[in-house]
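K.L.:
Sequence:
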Amino acid sequence: MKRLILAGIFLVAVTTAAVRYLSADAFRDRLKAGLEHSLGRRVDLNGQVRFNVFPAPGLRALDVTVHDDPRFGLEPAAYITSLEAQIGFLGLLAGRVEISALRLMEPSLNLTHIPGQGWNIAGLSQAGSFPGIAIRGGRVNWKSGLAKAAFYLSDADIDLERRGGQWHLQMASSGGRTDIPAFTLGRFQLRGAISATECDLDFRVVRGALSEWLMLAAGNDPGVHGEVSATAHLKGPLAGIRIEGKTVLEDVHRWDILPAGARALPVAVTGLLDLDTQTVDLATAARQEFELPVAARLRAAGPVATPRWSLHVRAGEIPMAAAVEIARHAGLQAAQGVEAAGSIRGVVGLGPGGAQGGFLIANARFSRGEDQFLAAPKAILTLGGGGATLQSDRAEAGAGEPLSLEIETALPEGLRRFRVASPGLSVASLHAGLRLMPGLSLPPVLASGRGTMSGSLDGQRVDGAFRWNGRFRLKDGEAAVEGLADPVGIRSATVDIDGNSLSVLGLRATAGAIEFTGRYTYDPRQSHAHSLEVESPAATAPELLRLFAPSLRPDRGSLAKTLRLKRWEPPSWLAGRRAKATLRLGRLEAGGATLGQVETQVTWEGVRAEAKPLRFRLAGGSATGSASVEASPTGPRYTFTGRWGGVPWKGGSVELGQVALESSGEGAELVQNLKLSADFGALGISLGPVRAAGGTLEKVPGGELSIQVVEAQTEDGKQTGKGGISNAGRLQIEISNGGARHRFSGTISPFVLEPE
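Be aware that the sequence shown starts at 1, since it is given in my numbering, and climbs by one per residue.
There's no promise every hint is true.
Claimed, not checked - Restraint-style ranges between C-beta atoms, simulated for each label pair:
(1) Gly-164 - Ser-310: 35 to 43 angstroms
(2) Gly-506 - Thr-641: 30 to 38 angstroms
(3) Pro-570 - Gly-738: 34 to 42 angstroms
(4) Thr-634 - Ser-404: 48 to 56 angstroms
(5) Gly-240 - Arg-435: 51 to 59 angstroms
(6) Ala-362 - Glu-75: 54 to 62 angstroms
(7) Gly-681 - Leu-484: 38 to 46 angstroms
(8) Ala-538 - Ala-728: 34 to 42 angstroms
(9) Ala-122 - Asp-179: 26 to 34 angstroms
(10) Glu-250 - Arg-42: 42 to 50 angstroms
Claimed, not checked - Calculated cross-link-like contacts (lysine to aspartate or glutamate; reagent style DMTMM-like; alpha-carbon spacing at most 20 angstroms):
(11) Lys-378 - Glu-401
(12) Lys-650 - Glu-754
(13) Lys-378 - Glu-408
(14) Lys-235 - Asp-200
(15) Lys-580 - Asp-555
(16) Lys-148 - Asp-68
(17) Lys-475 - Glu-401
(18) Lys-32 - Asp-68
(19) Lys-235 - Asp-274
(20) Lys-722 - Glu-698
(21) Lys-246 - Glu-291
(22) Lys-699 - Glu-662
(23) Lys-580 - Glu-599
(24) Lys-612 - Glu-669
(25) Lys-722 - Glu-734
(26) Lys-475 - Glu-515
(27) Lys-699 - Glu-734
(28) Lys-580 - Glu-482
(29) Lys-699 - Glu-669
(30) Lys-580 - Glu-610
(31) Lys-580 - Asp-523
(32) Lys-650 - Glu-756
(33) Lys-246 - Glu-289
(34) Lys-612 - Glu-533
(35) Lys-148 - Asp-179
(36) Lys-718 - Glu-734
(37) Lys-378 - Glu-396
(38) Lys-246 - Asp-281
(39) Lys-235 - Asp-179
Everything labelled a hint here was simulated from the structure, so no lab data went into it.
Backbone N, C-alpha and C fix where the C-beta goes; we use that ideal spot for every residue, glycine too.
Kindly produce the complete structure, drawing on both the sequences and the hints.
P.N.:
Structure below.
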């Protein structure tokens, strides 16, 4: 018996396999006619037709096209990889094709809606006895007229069976969007009955990704993460299907968004669906299992391909910590690393055009680590115009520093405007707040983070760049100046900022050991963008040289030094420098000499600065002329031309005229490299027998000072001679008239000259 059973099974298997490959082309035309009669559509059998045994006797056709009613467009209603038609066996033997059920394998179906004409499946059966249909692994596309929706059903398993005047439906499917790669809604199910006028269906979502269901409407990732499950009952006429259901949100970041102690949030929803006009109206139900901090209403209308939708949300007393966490997961850089306290409530409407709404924030406190940088008893958040605006007229920064604040952002560019006003705000607190706004930098006068400002500062993004405006008083601030060894310490100043222009008025400041007052302006529209007025009671030449060393002797760079490159290019900040300054020094100590009442106009262009005219007092006399300094990696080069007169000496006065001085280097190099030429004259003096004298002074680099020509008027008449520096380092002069001879000696520094 066992062998008989095995033989029977083997025979059935062999027969089944053989039948599947047995051609049934003789029934092709009758199968085509039967399908067209059952479906009410023109059908093309493009592939082979074979007999089928399992799961029921029938015919199997490959590559089948089902055309649509021309009213719904020229694209076929279905492309079917394999179609299995179940037919009566006795009818088949008699040559009749009577279809009792259809099985579609991996079809691609187009579900089309035409306004005023309904759906293309409404009149699917022309014969009145439509067969049952099973779909496996199908794809369902949604169309409105010629437009195809981005949303589609994938991997759909659908069973349709007609019982009386109703269709009984059972479906399990996933969903996706053509415009978002690797998008999937997870798995959902639909079962129940539907007729030409009404439906009674149960819908279920099995743990789908919350972000992807939100993307279904928005078309992009809103940054809200978690899982969603849902059940709903849809019942009523097709023009007004009543929806009663429940959505369960799980693993929503963060947990304090959910009720205390809960890991899932069930939300009851109600609404209406009109299939003919494609409108849906959903809202959170009045009665909930948990008291919800928000109430929402979703309305969607229009064709499937281009839906019009709006979401209205009313929030009541949501913790600020939860709101910041949502912003953080939405990718808002300003929320990264921020802790918040307080609450927020208000309303917002969302739609394809953006968000509109307003919120009241109460008792807000924001901190990063242990540092609290902003507190606001009351703030207003307004949404609209593609962005958001936060305003607070009474806030505090740092340790109770009062301020008013306005921040405006826009998508996708980010921060659009930042305005702050305060009677006394530390610049450090301002920096702490601006760290929430990546890419935003303060004006240079505030860049160090030191000091206190009182006034207002307003920044706006213009043509992709941030532009500042404002007027404020700055105390105990600091500003780094490129090319200066030490930062400028600002004891007090009034700062005006107008876009790219800057004015610093009433400046009281220090640079190294030098104290000064004055004003500074920057205007890139001028030929000399930097303009400075400086007045200082005292300064020393060594301190000035130290401060300006980075500008006067820029570093060549280690590579240039190693290779001993001869060509030197100044750094860009120095090459592009265009500045002018008015300088007044009460006293300047230089090389053991004291210059008083120093006044000059300085023009600095690139590597060269020129002081012209230059006036100062020295040893009781007045000097006028011009000076220059040129930066070099081997040391600065100096020049001076001018005159020095009215110097009291030996009862008369001395004058140096046509002075030309050049030198380079630093320290002892300045004396070694000095080149000097000058005329001198002395009148009304009493130097031994000399009552008047004149001559020329010269010094060449590496040489000593020499007096080339001396003409003196003495008691013995006119005498001539010359002088210079001896090997012992003393100044010596000798004059004669061929008879009388006079010698004088002394020192250069200090200047002493007496008869021998």
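K.L.:
Would you mind marking each hint as holding or not holding in the structure?
P.N.:
Verification of the hints:
1. Gly-164 - Ser-310: 35 to 43 angstroms: For Ser-310 against Gly-164, whose Cβ atoms are near 40 angstroms apart, the range 35 to 43 angstroms holds.
2. Gly-506 - Thr-641: 30 to 38 angstroms: The hint (30 to 38 angstroms, Cβ to Cβ) holds, given that Gly-506 and Thr-641 are roughly 36 angstroms apart.
3. Pro-570 - Gly-738: 34 to 42 angstroms: Since the Cβ atoms of Pro-570 and Gly-738 sit about 58 angstroms apart, the hinted range of 34 to 42 angstroms is violated.
4. Thr-634 - Ser-404: 48 to 56 angstroms: Once the Cβ atoms are compared, 55 angstroms apart, the range 48 to 56 angstroms for Ser-404 and Thr-634 holds.
5. Gly-240 - Arg-435: 51 to 59 angstroms: Once the Cβ atoms are compared, 54 angstroms apart, the range 51 to 59 angstroms for Arg-435 and Gly-240 holds.
6. Ala-362 - Glu-75: 54 to 62 angstroms: Since the Cβ atoms of Ala-362 and Glu-75 sit about 56 angstroms apart, the hinted range of 54 to 62 angstroms holds.
7. Gly-681 - Leu-484: 38 to 46 angstroms: holds, 41 angstroms
8. Ala-538 - Ala-728: 34 to 42 angstroms: holds, 35 angstroms
9. Ala-122 - Asp-179: 26 to 34 angstroms: Hint holds: Cβ distance 29 angstroms, inside 26 to 34 angstroms.
10. Glu-250 - Arg-42: 42 to 50 angstroms: holds, 48 angstroms
11. Lys-378 - Glu-401: holds, 16 angstroms
12. Lys-650 - Glu-754: holds, 10 angstroms
13. Lys-378 - Glu-408: holds, 17 angstroms
14. Lys-235 - Asp-200: Within the cut-off at roughly 4 angstroms; holds.
15. Lys-580 - Asp-555: Distance of about 24 angstroms is beyond 20 angstroms: violated.
16. Lys-148 - Asp-68: Holds: Lys-148 and Asp-68 sit about 15 angstroms apart, inside 20 angstroms.
17. Lys-475 - Glu-401: Holds, because 15 angstroms separates the two Cα atoms, which is no more than 20 angstroms.
18. Lys-32 - Asp-68: Roughly 15 angstroms between the alpha carbons, so the hint for Lys-32 and Asp-68 holds.
19. Lys-235 - Asp-274: OK: Lys-235 and Asp-274 at ~11 angstroms, within 20 angstroms.
20. Lys-722 - Glu-698: holds, 11 angstroms
21. Lys-246 - Glu-291: Answer holds: Lys-246 to Glu-291 is near 14 angstroms, not above 20 angstroms.
22. Lys-699 - Glu-662: The given pair, whose Cα atoms are some 10 angstroms apart, holds under the 20 angstroms limit.
23. Lys-580 - Glu-599: Holds, at about 14 angstroms.
24. Lys-612 - Glu-669: violated, 25 angstroms
25. Lys-722 - Glu-734: The given pair, whose Cα atoms are some 6 angstroms apart, holds under the 20 angstroms limit.
26. Lys-475 - Glu-515: holds, 15 angstroms
27. Lys-699 - Glu-734: Cα-Cα ~18 angstroms, so holds.
28. Lys-580 - Glu-482: holds, 16 angstroms
29. Lys-699 - Glu-669: Holds, at roughly 14 angstroms.
30. Lys-580 - Glu-610: This hinted pair holds, its Cα atoms lying about 9 angstroms apart.
31. Lys-580 - Asp-523: holds, 12 angstroms
32. Lys-650 - Glu-756: holds, 16 angstroms
33. Lys-246 - Glu-289: This hinted pair holds, its Cα atoms lying about 10 angstroms apart.
34. Lys-612 - Glu-533: holds, 15 angstroms
35. Lys-148 - Asp-179: Within the cut-off at roughly 12 angstroms; holds.
36. Lys-718 - Glu-734: holds, 13 angstroms
37. Lys-378 - Glu-396: holds, 11 angstroms
38. Lys-246 - Asp-281: holds, 15 angstroms
39. Lys-235 - Asp-179: Not OK: Lys-235 and Asp-179 at ~32 angstroms, beyond 20 angstroms, violated.
Hint compliance for this structure: hints 3, 15, 24, 39 are broken, all remaining hints hold.
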